[in-house]
Amino acid sequence: MTELPFDTSTLTREQLRGVGIGISSEVVHILGTNIIAKIPAPQALEDHKVEKRIYDRLQSHPNILRYLGQSPPECTLLRNALLFEYHSHGTLINCLDQIIPGRSRWPFQAISAVAYIHSKGVVHGDLGLHNFLLHDDGRLVLCDFAGSGLDGSPPNVSAGVRYLNPLFDTDYPSESDDIFALGTVLYELHRGERLFNERSDQEISRYLRNKQFPDLSLVPSPLREVIEKCWTVTGYKASEAWIELGEYMTLSQDRPNL
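The numbering of the sequence shown is full-length UniProt numbering, which starts it at 1 and goes up by one.
These are calculated hints, taken from the structure and not from any lab test.
Predicted, not measured: the structure shown is a model, and the values here were computed from it.
Beta carbons: idealized from backbone N, C-alpha and C, even for Gly.
Watch out, some of these pointers could steer you wrong.
[As the list claims (entries may be wrong)] Quick list of in silico lysine to any residue cross-link-like pairs, SDA-like style, CA-CA up to 20 Å: (1) Lys49 x Ser153; (2) Lys120 x Cys95; (3) Lys49 x Gly147.
[Claimed, not checked] Label-pair restraints from in silico Cβ distances: (4) Lys49 x Ser104: 25 to 31 Å; (5) Met249 x Glu198: 28 to 34 Å; (6) Asp151 x Gly69: 18 to 24 Å; (7) Asn34 x Asp56: 17 to 23 Å.
Could you build all of it, start to finish, from the sequences and the hints given here?
Here it is as C-alpha cells:
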C-alpha cells in the first residue's frame, strides 16, 4: 500500500470532511491530504470486498481512479475504507459546460477507460458522467465500482435513465449496457450538456425506447459514428470504439495502451 501522509492510529473525526454518502458507503476527504476514504456501510461489506478486488486489478491506467490501498485495521474510524486520490473538481457533471484545457480528449479517454475495464473482466453497471472525475491535469478518471460485476458475476446496480439501454431486459446489466451508456457519455461530453436536458425521466425513457435519439449531424466524424454504434449496434465493443476514434487521434500524446 502507498505510504499514507497521516497517522492512522490517531485520526479523529474532526480531520474528516464529508464528500458524499449513499446506501453502500460514506466518502470523506482526509483534511490536509489528497486522499479520500470510502467507508463501507455495514450492509454493503460484500460489495466493498468486490470493489477492492476490482481496483486491485485495474491499477496503472491513467483514466481509472488511483487506488491507494485499504485503511489498516488499527484505524477503526475508517472501518477498512478504500483509499483513493482526491479530486477537488468533482464529477464531470460539475464542469460539463466549462472550457477546460484537454477536454477535447475526454471522449477518447472515456472510451479507453471502458475498453480497459471490459478487457479486465469488469462490467461497471452504472456508467455516467456522475462516475467520471476531473483530474487536476485535465484528464478524466472513471470511478465507483461498488456493485460492479467481476469475472462473470453480474453487477447489482444499474444505470440512470439517460444511460439506461432501452433493450435492457435482464435482471442485471451486461457489457452491452455499459456500451449504450458510453454512447450517452460521449454525446454529453461533446455537447457540453445532458442528454435530453430538462426533460422528465418519463419523457427520456420514452424517447430512448422509441429510438428517438438526438440529431448527431453536427458531431464530427468519427465520433458521430461511434456514438451511433454505441446506441444502436448490438455487440459493439468499447475496444472497437477505441480503435476507430484512436485512428483519428493518432497525434494525441496521451493515448494509453489498453
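Hints and how they fare:
1. Distance hint between Lys49 and Ser153 is fulfilled; the C-alpha atoms sit about 13 Å from each other, no more than 20 Å.
2. Between the alpha carbons of Lys120 and Cys95 the distance comes to roughly 29 Å, so the proposed pair goes past 20 Å and is violated.
3. Restraint check for Lys49 and Gly147: the C-alpha separation of about 10 Å stays at or below 20 Å, so the hint holds.
4. Judged by the Cβ atoms, the range 25 to 31 Å given for Lys49 and Ser104 is violated: they are separated by roughly 38 Å.
5. The hinted range of 28 to 34 Å is satisfied by Met249 and Glu198, whose Cβ atoms lie roughly 32 Å apart.
6. Asp151 and Gly69 have their C-beta atoms about 22 Å apart, which keeps the hinted 18 to 24 Å range intact.
7. Restraint check, Asn34 to Asp56: a C-beta distance of roughly 21 Å satisfies the suggested window 17 to 23 Å.
Figure legend: structure checked against the earlier numbered hints; hints not met, in rising order: 2, 4.
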